[in-house]
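Protein chains in written order, with the numbering used here: chain A, 1 to 95; chain B, 1001 to 1246.
No lab work stands behind these hints: they were computed from the structure.
Do not take every clue at face value.
[Claimed, not checked] Listed next, the in silico SDA-like pairs over lysine to any residue satisfying Cα-Cα at most 25 Å (straight line):
1. B:K1130 - A:G47
2. B:K1130 - A:Y43
3. B:K1127 - B:D1137
4. B:K1127 - A:A32
5. B:K1130 - A:F85
6. B:K1130 - B:V1094
7. B:K1127 - B:P1192
8. B:K1130 - A:R17
9. B:K1130 - A:F12
10. B:K1130 - A:L36
11. B:K1130 - A:E33
12. B:K1130 - A:A32
13. B:K1127 - B:V1211
14. B:K1130 - A:D31
15. B:K1127 - B:E1032
16. B:K1127 - A:E48
17. B:K1130 - A:R46
18. B:K1130 - A:A70
19. B:K1127 - A:Y43
20. B:K1130 - A:P65
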Amino acid sequence: MSSRGWPLWEVFVRARRGLSHVHAGSLHAPDAEMALRNARDLYTRRGEGVSIWVVRASDIEASTPDERDAFFDPAADKIYRHPTFYDVPEGVHHL
Amino acid sequence: MNTSLFGYTLALADDALVSAQRMGWWISRAPELEEDVALANIGLDQLGQARLLLGYAGELEGEGRTEDDLAYLRDDREFRNVQLVERPMTDFGVAMARLLVFATYQLHLYRSLTVSDDARLAAVAAKAVKEVTYHVDHASRWVLRLGDGTDESHRRMQAALDAEWPFVDELFTPCHPSLGGRVTDPSALREPTLTDVSRVIAQATLTVPAVSPALGGGREGLHTEHLGFLLAEMQHLHRSHPGATW
């Protein structure tokens, strides 16, 4: 049996309730159902997750390195966007 | 006094142990790395069941034999597994056909053992039910895809079912009547197991083979010539280096 042509899938695992799904890695599978099951075997075998998403890698629209300047540099000199200009009241531990 | 419960437990353990060894053959040989891992996981689940059952069987026997003694220091005539699981499984269609039958049988077996009067068997079964539920799922999905796939995959999946089917019947060999409410009589598992398997086969556009059962006898220690070779590989290290540990 040749597996050539099995598409690539990206795997997102939610570690526990309340957290977001986080990218865990990728895998090959013939279809979405099998991708989900392969993800279960590859990425949750040590009890890492309570929920899995799989997305066909070709369905992901990703930013490219060429776009880096236009995408990310304008944010670099806008320090007022960081919450660093507040005085933290004494006695507040979890701000 | 527990001789027959010992034999019953040993039979379940040997089914799982020998199947695990066959499943391990697939590591590095499956169609894709992902499937290697899936089959290895399934094999390891079965090995875990075998270890718990062998340990308990050793206690029931009361002669001080450990799980390792039972796994590594018995010859083929002392093994009680069905012939279904001992035969070579080097075709992916055969592997999925066999897993579908065996895991479905195990699912019904373990489900009914969860309410056994024997607390140890009930505990092992409760853990195993979740594992074999996944094994059934995995095998079913592949049988569906291969059966209802290309002409070639359909032909090979049907050939695999035809090859396994004579050995299905042995799974349902009745056990000793004196065991009463402590165990599940395998003959009671025939109907639910075959109903489930037949449903998957039909959905996969395949046909339930109409063949006569093989001679059987695994539960009495009568095996095909293949078990000896499997045991030679599985037991070699332990017998060459008694007491070896990691």
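Given hint R46 of chain A paired with K1130 of chain B - CA-CA distance at most 25 Å: Distance of about 16 Å is within 25 Å: holds.
Please work out if K1130 of chain B and A70 of chain A have their alpha carbons no farther apart than 25 Å. The given pair, whose Cα atoms are some 51 Å apart, is violated under the 25 Å limit.
When you check the alpha-carbon spacing of K1130 of chain B and A32 of chain A, does it fall within 25 Å? 22 Å, holds
Restraint status (C-alpha distance of K1130 of chain B to P65 of chain A at most 25 Å): 45 Å, violated
Restraint status (C-alpha distance of K1130 of chain B to F85 of chain A at most 25 Å): Judged against 25 Å, a Cα distance of about 54 Å means the pair is violated.
Between K1130 of chain B and F12 of chain A, does the CA-CA distance stay at or below 25 Å? 23 Å, holds
Satisfaction of hint between P1192 of chain B and K1127 of chain B, Cα-Cα up to 25 Å: Within the cut-off at roughly 21 Å; holds.
Next pair to validate is K1127 of chain B with E48 of chain A; report whether the Cα-Cα distance is within 25 Å. 19 Å, holds
Check whether the Cα positions of K1130 of chain B and Y43 of chain A lie no farther apart than 25 Å. 18 Å, holds
Sort out whether L36 of chain A lies within 25 Å of K1130 of chain B, counting only the CA atoms. 17 Å, holds
Just to be careful, I want the Cα atoms of K1127 of chain B and E1032 of chain B compared with a cutoff of 25 Å; is the pair within it? 29 Å, violated
Hinted pair K1130 of chain B and R17 of chain A, Cα distance within 25 Å: Given that 25 Å is the threshold and the Cα spacing comes to 21 Å, the pair holds.
Of the numbered hints stated above, those contradicted by the structure are hints 4, 5, 13, 15, 18, 20, listed in ascending order.
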